[in-house]
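Undergrad: One-letter residues, chain by chain:
2 protein chains.
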Amino acid sequence: MANKWVYLFHEGNRTMGELLGGKGAGLAEMTNAGLPVPPGFTITTETCLAYFASGNKFPEGMQEQARQAMKAVEKETGKRFGDAENPLLVSVRSGARVSMPGMMETVLNVGLNPQTLQGLAKLAGNERFAYDSYRRLISMFGRIVKDIDGALFDEVLEAAKAKTEGKRDTDLSVEALKEIVEEYKVIYQRELGEPFPDDVWEQLFQATEAVFRSWFGNKAIVYRRHNKISDDWGTAVNINTMVFGNMGDDSGTGVAFTRNPNTGESVLFGEYLINAQGEDVVAGIRTPLAIAELKKNSPEIYEQFYNLGKMLEGHYKDMQDLEFTVERGKLYMLQTRSGKRTARAAVKIAVDQVNEGLITKEQALMRVTAENVEVLLHPSFEPAAKEAAIKEGKLLAHGLNASPGAATGKAVFDAERAAEMAGKGEDVILVRPETSPEDVGGMLVSKGLLTQHGGATSHAAVVARGSNLPCVAGAEGILINNELRQFTVGDIVVKEGDMISVDGSDGTVYLGALATMDVDFQHEAELASLLEWADEVRRLQIYMNADYPRDAERGIAFGAQGIGLCRTEHMFFEAERRPIVVGMIMARGDDAKRKTYLDQLLPFQRVDFEGIFEAMNGLPTTIRLLDPPMHEFLPSRESLIEEITELRCTGSDPKALADKEKMLELVESLWEANPMMGQRGCRVGIMMPGVTEMQVRAIFEAGCNVVRRGIKVAPEIMIPLVGHVNELKLQREALEAVAKQVMEEQGVQIPYKFGTMIEVPRAALVADQLAEYAEFFSFGTNDMTQMTFGYSRDDAEEKFLRAYVEKKILPHNPFQSLDQEGVGQLVAMAVERGRAARPDIELGVCGEHGGDPDSIDFFHRVGLKYVSCSPFRVAAARLAAAQAAIRHK
Amino acid sequence: MANKWVYLFHEGNRTMGELLGGKGAGLAEMTNAGLPVPPGFTITTETCLAYFASGNKFPEGMQEQARQAMKAVEKETGKRFGDAENPLLVSVRSGARVSMPGMMETVLNVGLNPQTLQGLAKLAGNERFAYDSYRRLISMFGRIVKDIDGALFDEVLEAAKAKTEGKRDTDLSVEALKEIVEEYKVIYQRELGEPFPDDVWEQLFQATEAVFRSWFGNKAIVYRRHNKISDDWGTAVNINTMVFGNMGDDSGTGVAFTRNPNTGESVLFGEYLINAQGEDVVAGIRTPLAIAELKKNSPEIYEQFYNLGKMLEGHYKDMQDLEFTVERGKLYMLQTRSGKRTARAAVKIAVDQVNEGLITKEQALMRVTAENVEVLLHPSFEPAAKEAAIKEGKLLAHGLNASPGAATGKAVFDAERAAEMAGKGEDVILVRPETSPEDVGGMLVSKGLLTQHGGATSHAAVVARGSNLPCVAGAEGILINNELRQFTVGDIVVKEGDMISVDGSDGTVYLGALATMDVDFQHEAELASLLEWADEVRRLQIYMNADYPRDAERGIAFGAQGIGLCRTEHMFFEAERRPIVVGMIMARGDDAKRKTYLDQLLPFQRVDFEGIFEAMNGLPTTIRLLDPPMHEFLPSRESLIEEITELRCTGSDPKALADKEKMLELVESLWEANPMMGQRGCRVGIMMPGVTEMQVRAIFEAGCNVVRRGIKVAPEIMIPLVGHVNELKLQREALEAVAKQVMEEQGVQIPYKFGTMIEVPRAALVADQLAEYAEFFSFGTNDMTQMTFGYSRDDAEEKFLRAYVEKKILPHNPFQSLDQEGVGQLVAMAVERGRAARPDIELGVCGEHGGDPDSIDFFHRVGLKYVSCSPFRVAAARLAAAQAAIRHK
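One line per chain: the protein sequences are A and B, in this order.
Anchor point for the first sequence: position 228 equals 335 in the numbering used here, and the numbering is continuous, going up by one each time.
Anchor point for the second sequence: position 550 equals 657 in the numbering used here, and the numbering is continuous, going up by one each time.
It is worth saying that the hints were derived from the structure and are not from the lab.
Model, not experiment: these values are computed from the prediction.
Heads up, some of the hints might be wrong.
Because identical chains share one entry, a pair is satisfied inside a single copy or across any pair of copies.
[To be verified] For lysine-lysine, the following DSS-like pairs were computed, each having C-alpha atoms within a straight-line distance of at most 27 Å:
1. Lys-468 with Lys-996
2. Lys-111 with Lys-531
3. Lys-996 with Lys-769
4. Lys-847 with Lys-914
5. Lys-914 with Lys-700
All chains, full assembly: derive it from the sequences and hints.
TA: This is the structure in structure tokens:
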């Protein structure tokens with residue numbers, strides 16, 4: 108049997124998203140549910156893949172199947188495709204597995220030619236409408252299928268509109284439209300050397316090809332990369348009978364969400380445009396009415412639509428994103444799909460739906476992403492800063508709160524410039540009259556978006572919400588001048604590079620950079636509920652990486668159950684301690700001299716640890732002993748060479764010269780070609796006796812002091828960068844002796860553990876040996892990634908890593924999400940071997956991967972006890988851990 | 108049953124070396140074979156370990172067992188220990204599992220006190236002899252057992268000798284000796300606050316303890332570390348009935364080898380000292396007679412000794428190192444053990460013994476070490492250089508050719524200074540009047556040794572041979588002045604730091620540094636035989652690392668079967684090409700500009716490869732594409748900063764300043780914090796398109812040219828530093844396309860392979876995936892060691908690695924010998940996975956471990972096809988590979 112390339116809507120269902128695309132599956136499901144869907148059919152994603160595989164040729168039999176399907180549609184509608192008397196018109200729309208709004212192409216009104224045009228005019232009783240539809244077909248087809256510059260068509264249209272009184276397209280007369288059609292055809296002939304095709308099947312198949320090809324359009328590729336969508340899926344093509352929202356004031360078109368996609372509130376939310384076709388809404392050209400207006404104008408239509416929406420939400424058990432058209436008072440459903448939503452809305456909808464009995468708690472947990480939670484906890488502007496800005500007259504404009512969140516950055520006026528400045532590490536806010544898919548690259552590297560035109564469902568708003576970018580849309584109060592790269596608000600001129608602040612939560616825009624503040628986690632009731640449910644199902648504990656008491660307090664508020672990594676190097680970097688540290692380093696081989704400096708550092712460290720212990724109040728507190736190489740505490744070699752050369756040349760200050768030379772000599776003696784693989788971690792502890800001993804003394808003295816105040820402590824001493832069991836054995840024995848001595852001196856006993864980081868690959872390979880001397884392992888997956896790949900994190904990103912991800916040599920940046928295939932093997936090996944040697948060994952991860960959802964899923968699978976991440980990521984990690992538990996039940 | 112701590116000689120045998128030590132086992136074997144061994148017993152190594160384990164206490168029952176054993180000895184000798192009438196005297200000697208010549212202690216004449224002294228005098232009919240023995244006991248016991256400064260005793264002895272006519276110890280009268288004894292006793296009492304013990308058992312047990320303790324003496328520890336001997340073995344103690352070589356001119360003592368330990372010649376070789384005790388020979392104080400003299404003086408003794416030697420050699424099937432004493436015309440054997448020998452002797456003896464039917468070829472192969480072979484192939488001085496030096500009057504002295512090989516270096520006059528200067532990377536020759544165990548540390552870091560006194564079996568000679576150090580001993584023509592740190596030969600003064608050259612093969616010493624030359628491998632007939640036998644049994648092939656045709660030719664002469672690593676970076680470093688390379692780098696993102704430079708490099712590279720291919724004549728030639736980071740081809744950042752600062756300060760040359768600034772800007776843009784893990788290897792090939800393509804074009808154009816000349820070629824293109832399969836896929840596809848294109852252009856087909864290095868740990872972890880695109884793997888175990896341990900090779904050695912080995916944190920330097928425990932796991936994993944995915948994959952190693960015998964054993968076990976090492980190590984690797992095959996048959 109030949110392959111089936113084409114499915115009538117009633118032949119599909121919701122489970123067939125991979126084959127029919129999300130839109131096709133939704134249309135099929137609605138058709139079968141008896142909803143008013145314009146009849147049509149879907150050309151499958153497999154057809155698309157076959158098309159590419161054969162060097163852009165339709166597969167055998169597809170065209171015939173499409174013609175057969177069209178016959179069925181003709182039978183149902185009573186119209187005929189290409190028939191001059193009763194013409195059937197169709198739309199040709201993309202529809203990938205997952206929604207990629209605005210990223211691919213659509214051609215409407217396919218089936219119009221000079222003959223069918225007359226039939227349409229007669230049927231509609233509206234010649235103007237027929238010509239309006241025809242000019243839309245020619246320009247859309249020319250632009251999308253034939254790559255003609257759209258501006259050529261727009262100029263003609265604008266010129267014609269300029270001659271009318273109202274200056275709007277609805278003001279164009281039939282004659283004007285006829286002239287436009289003729290001019291469009293001339294442009295088409297001139298640009299391509301061939302006439303616009305009258306053959307309706309040629310129109311249909313060429314449009315289909317154009318949709319296929321748009322899968323590999325630049326903007327689609329960029330979007331997929333950002334959203335981690337595979338290039339291998341392809342898109343389906345949906346052929347729908349055209350229904351017309353532009354047949355007069357009893358017609359219209361709209362998009363709506365069954366709940367508010369910004370706040371999650373359970374109200375129908377959307378926009379409606381009278382006497383218009385769909386693309387007018389999405390493009391943000393005309394500012395539409397809120398959907399509530401429809402209730403006033405056409406209460407029955409609204410009622411019908413509202414009920415269908417409810418039904419679809421109940422059916423899909425998720426908030427739906429709907430497209431509909433009203434043709435002369437009759438409602439047609441053109442799309443249903445799970446709606447994109449803000450982080451806040453995602454949480455609220457999920458929790459509400461559980462409370463409404465629509466979904467289970469586990470479903471709710473899977474419906475919200477860890478990213479949602481993170482975004483939700485992103486800072487907002489400080490109310491006082493806002494108030495002050497307003498008083499100072501710095502509130503520039505008020506637009507739509509299109510995507511929540513607060514962002515500050517330098518204003519830029521086009522996507523390339525945004526990419527360029529962001530590439531240099533600058534925060535930018537992209538300011539555009541409106542955005543188009545061509546802008547996506549620049550949008551995604553910006554911190555926030557601001558548009559002059561467009562509504563809550565405009566391109567800018569959709570992309571911003573999908574990408575968690577704060578966005579203010581339709582801020583009509585600003586006047587953009589692209590040539591001058593500036594915008595004005597009254598007298599105020601904001602030039603490229605000037606700082607602005609956008610608040611996507613309330614739609615306000617400010618001059619200057621406003622101070623931000625953290626979200627008040629306590630008042631996020633829905634999030635709190637959701638995370639409580641997460642705590643019920645997750646098996647992984649969530650620890651935090653915290654070096655200071657204030658971090659620890661913040662993380663505990665977010666639900667952290669311990670500290671997985673307390674770095675102690677900052678305790679050496681602080682200004683008042685630096686001279687002591689430098690003195691200690693300068694002591695070199697002189698152990699006694701070094702000790703005098705260490706004795707000075709001890710009280711500082713003790714106070715540091717007391718603060719941490721008090722904040723943790725008995726929760727496990729994993730403290731990593733000094734890790735960085737000593738030269739990090741000294742001036743750089745390059746700066747010293749420069750200073751010395753200059754002092755020598757001028758001869759002005761022999762004393763300073765001598766000091767610098769002495770320092771340079773020290774720095775040179777510590778200099779390393781590859782400090783990442785040099786004398787750091789436990790190598791420092793071993794080669795500079797006394798340093799880690801001092802740290803352990805400080806930890807235990809602090810612990811004893813705090814215990815005397817009635818507060819519990821649970822220090823876990825972590826020895827870093829161990830590669831050979833003897834390093835661990837030596838350090839542990841020396842340090843545990845200090846611990847015991849301190850406890851004896853103080854007469855206080857403290858529960859404690861000694862353990863090691865597993866970060867150099869060799870540690871994973873000999874984890875069984877290490878487990879003999881380690882009560883816990885903490886995976887330092889940052890360093891392990893560096894050494895397993897041989898990538899220097901400091902260098903790789905800029906030098907080749909970004910390019911590697913772009914060229915798809917690597918599926919993702921392995922420093923952001925754990926390389927499960929490679930580094931993951933070492934982690935799994937160490938878990939297995941460590942546990943074999945010491946069954947009750949405590950296993951956790953403290954690399955930055957501890958906050959990455961995909962990595963958390965992996966850590967759940969290999970059976971760690973906890974993941975540790977920055978305090979801000981703790982809440983998201985709780986959710987990710989729950990999702991992992993649900994996924995692998 | 109109680110532990111058996113003590114074995115009479117006849118209770119042991121040769122297989123009991125672990126328990127009885129090498130000397131004890133040899134004495135037992137000789138005793139049981141009926142050889143004339145003075146009766147005695149051995150206190151076991153286990154006793155020594157028990158002694159240390161219990162905090163320096165003899166184990167329960169040991170002393171009683173010793174007393175029982177002594178009774179048996181008394182019965183056999185008819186003498187009694189501590190008896191005034193017929194006293195039994197004993198020696199107390201160390202004896203570890205393996206010989207550690209001079210590293211531990213011996214006490215002779217134990218059992219003498221004022222009473223037994225008289226008995227001895229009477230029995231010997233020689234009062235002088237008795238007092239001489241007594242004074243030796245007191246000084247030896249005082250020095251060794253009680254740590255009294257030996258100089259205190261020496262001063263007394265020297266003063267007494269000074270009063271005699273002949274100034275020799277043999278010239279001392281009985282009265283003088285009596286006085287000496289009294290003075291020694293005074294010293295003893297003064298230093299220790301107690302009298303010299305008269306209790307003979309106290310003497311014996313204290314001496315035994317001293318021998319035990321000497322196991323952890325500094326010199327013994329240093330020796331063991333150098334010779335990779337475990338600290339955990341302990342030493343046995345042998346209690347021998349004393350026989351006296353110092354009982355007159357019909358007495359004497361000697362050491363001998365059954366073959367010449369320098370040349371391997373099959374003649375009895377040794378030295379004999381009339382009327383002396385053993386330590387006089389070893390210490391090199393008196394210059395002994397050659398053993399051949401014994402033949403003239405005492406032909407029967409010589410004959411008996413010669414036959415016993417032959418018998419022992421036949422018995423042990425190895426050249427023996429014998430100690431003997433003649434007491435009033437009666438021969439006693441005091442030791443037999445396998446003799447240490449020079450590399451040359453080792454080879455010759457092994458091959459001779461096969462030809463004599465004494466041992467099998469496999470035994471011969473196991474008898475010679477890879478190190479022997481390497482040493483044997485070490486360079487010697489160029490004859491012309493020697494002749495010239497002689498003509499110029501630079502031949503300073505002629506001594507004994509105590510240990511062969513040629514060395515040049517700066518003269519130093521004590522061990523500390525040697526260590527200090529060697530630590531700074533300077534080549535030094537240690538020049539000493541004679542050496543003692545205290546000098547060993549300094550000897551081992553020197554390039555060669557020169558002594559004024561001592562013979563072929565003196566301390567200096569023994570240590571030098573064991574450590575493959577060229578040594579000229581007993582060069583009496585030089586006069587050393589330690590205080591002035593110089594020696595003089597006539598008018599010539601050689602001061603510390605002056606260059607000298609020593610030829611340990613002929614015993615000559617020269618002023619200045621003489622040019623060296625390679626050994627003529629073709630003329631080493633015995634070695635050639637041995638290596639042919641090695642080729643018969645080994646399974647591993649031996650490739651070489653060769654970048655130039657001359658290296659390739661040399662390696663082939665040594666038996667290399669292919670090139671495992673031809674680095675191509677030198678082709679970029681050569682002076683005339685550097686400006687082109689710099690231009691190429693400065694082109695940065697400009698692919699077209701870069702290409703113009705690459706086009707200029709192409710003909711250079713082609714010529715390079717033609718030379719290599721011609722030398723290899725069809726043998727496999729593995730060529731690694733460009734590996735180092737680009738900044739290595741540019742000036743250093745530090746030097747540029749210095750130059751620029753200076754130019755700015757002086758303002759003298761704005762043009763130069765601008766140029767330097769431009770260069771600095773480039774260098775900064777390429778600068779990496781950790782270049783070892785930066786943009787190098789295939790990352791360069793991927794990020795700078797065209798470079799590796801040019802290299803592959805050069806390889807294949809060269810190959811085609813050479814093939815046209817009738818020479819076969821077999822290039823194997825190696826892509827370095829691959830960590831992800833996509834890197835390999837991308838490069839292989841691009842490069843194989845170039846290869847095919849060149850072959851098509853040239854109309855010549857060449858057999859070729861593409862493969863990758865396995866060096867970053869991740870490559871081993873995903874070896875199954877890599878094998879899909881690699882026809883061969885070559886393990887780059889240097890980099891793999893760096894990344895598996897997280898050690899930067901450039902830094903680690905000095906910063907902590909040397910200390911790690913000294914502190915025994917690591918068993919050895921993992922860059923010298925593969926870390927089988929850790930890095931080895933990755934190698935084994937990659938072998939298994941690679942072969943599973945591609946059964947006929949070719950597997951080799953090209954890191955420096957390819958020439959290390961222990962690592963070769965490992966590579967044999969994991970089943971590699973070949974190891975690749977430097978041309979000079981090829982011959983040794985052939986032997987090591989054979990040994991591995993024999994070991995794991």
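Undergrad: Under the constraints set out in the numbered hints, which ones does this structure not fulfil?
TA: Violated: hints 2, 3.
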